[in-house]
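So the protein sequences, as listed, match chains A and B. If you use this note's numbering, the first sequence corresponds to residues 2 to 475, in order. If you use this note's numbering, the second sequence corresponds to residues 282 to 360, in order.
Some hints could be false.
Covered stretches of chain A (in silico footprint by chain B; criterion: 3 or more residues with CB under 8 Å from a CB of chain B, positions within the stretch not fixed) [claimed, not checked]: (1) 240 to 250; (2) 308 to 316; (3) 365 to 379.
No lab work stands behind these hints, which were simulated from the structure alone. This structure is a prediction, so every number in the text was calculated from the model and none was measured. A virtual CB, placed ideally from N, CA and C, is assigned to each residue, including glycine.
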Amino acid sequence: MRKFDTKVQHLKYKVLREVAKNAWNDTLYDKLLDIPKVIAPGPQPTMRCCVYKERAILGERVKLAMGGDKENPNPIEVIEIACDECPVGGYEVTNACRGCLAHRCEDVCKFGALTFDNEHVAHIDKSKCKECGACSRVCPYTAIVSRKRPCQNACKVKAISMNESKAATIDNSKCISCGACVYQCPFGAITDKSYILNVIDMIKKSQEQKKYKVYAIVAPSISSQFTYAKLGQVITGLKELGFHTVIEAALGADMVAESETKELVEKGFLTSSCCPAFVEFIHKNFPDIVPLISHNPSPMTALAKYIKGLDKSAKVVFIGPCTAKKLEAQREEVKPWVDAVMTFEELQALFDSKDMEITSLPEGVLDNASYFGRIFARSGGLSDAVAEGIKEFGFTDFELKAVPCDGIEECKMALLKKSKGVLDANFIEGMACVGGCIGGAGCLTHGEKNKAEVDKYGREALEKTISDALAVIR
Amino acid sequence: MTVTVCIGSSCHIKGSRMVVEELQNLIGENGLNDKVELSGTFCMGKCQQGVCVTIDDKFFSVTPETVKDFFTKEIMEKA
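Input sequences plus hints: build the corresponding full structure.
Here you go:
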């Protein structure tokens, strides 16, 4: 049974589970300092040089599991003492260089950075190298490698650099909180802050839904998660945790599909606004395009607003694959509607903090949205939904030219073209994570089958059209 | 009077869309738009008895098949 992709996720999960367990039992403040010891009992270290360093880092993880630095609005934080200060040499020639005659590396280098010693072995002149990677791609022996840090490699918006002590540091003016570095750092030194304590507190204070009701909004990417159990069992698990009910964020996506279609037809050009990291990216890099961002709230926010319209005292928790949603929830226009954001990783920890065996629970149901709302979870889904919206809402004379951008690099390309006036399209679908939400950093697992899982889940929806899914909420 | 139909997952599968649409039509056709407010909710906690409907605070179990009778008996006559 595979619960996580990496041992780093597992470690983070153990801390979250322990924190949650104590929070349910009201013992957190008594046991707080013991948690590192529970996870790293020693005397032999299992991860770092000594058990004391392990515990010191675990102490930092406990802090992040409890919400982290309140002064820092970014939900992504570096645990400085956990950063292994990886080498940062950039492109380097390794001893796999055979000193060949072809010298493809030299020919392809536009900057004259490659030289050869007496043995014909290549060397890179760091003062000339621009880190383009061309030499690495042409070497038949793959002898040239990039020694870039995994976090920096993962960060396509270049928000990560080194501080004086060589630890990774995040530039909040560039960071879009996508969480790519969180998932990629092999030492788990960058982590998303957790708000599970707020969730537990909300559930406890609801006094079994008597004082107010706590609603869980679940992102459609859940269809590719918790694969060891059935989705219906996960839904039952959520109710056992104390949520009043579970609603598909995909219903919010259906709402967005309708209003986004109408806005697009009215304005003639739009970028999507579903992905908070993409929206953040535009704000930080393409201020001229900001007015062209769809004015729709994200599916999460649209649905949360709807729920609170029906039930004034409701509390709403969003559960999804996304770390940037934690940032979105802090925005002034979102704050009144969404009370907390949690990832699938954190949900797993909550289940296990109550020793819940998901696979032995009865199957509940989850069915609020249409096929189109559900496929928002994967790249291209939103564009498909808008195309469908154009048909369903009678705008057939509008010609949709959508560019589904899969990952922040593709988003950047499309936005660049738009800002230069050379983009041949009228709709940019921006998803910061490769694959769409199913590639999110807060997913338990990432796999090639995820897209197929989302499509399958989409097809299983009772409602086949956006209009039908929305008929109940009119 | 306020008629609240559950649109949570369980009731949705049992046909809450049909119930909502039918009630909307019937209320309109009978000119009751001023007297009857149709509203929704996610889960009344009685999923077994779906589609769950309440009139003010009184609970009813309705299906797409029985919605017409329900309307005549509980809404038409009392509104």
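How the hints compare with the structure:
Beta-carbon proximity to chain B at under 8 Å applies to 5 residues in the region 240 to 250 of chain A; the threshold of 3 is reached and the given coverage holds. Only residues whose beta carbon comes within less than 8 Å of a beta carbon in chain B count, and the region 308 to 316 of chain A has 3; three or more means the coverage holds. Beta-carbon proximity to chain B at under 8 Å applies to 5 residues in the region 365 to 379 of chain A; the threshold of 3 is reached and the given coverage holds.
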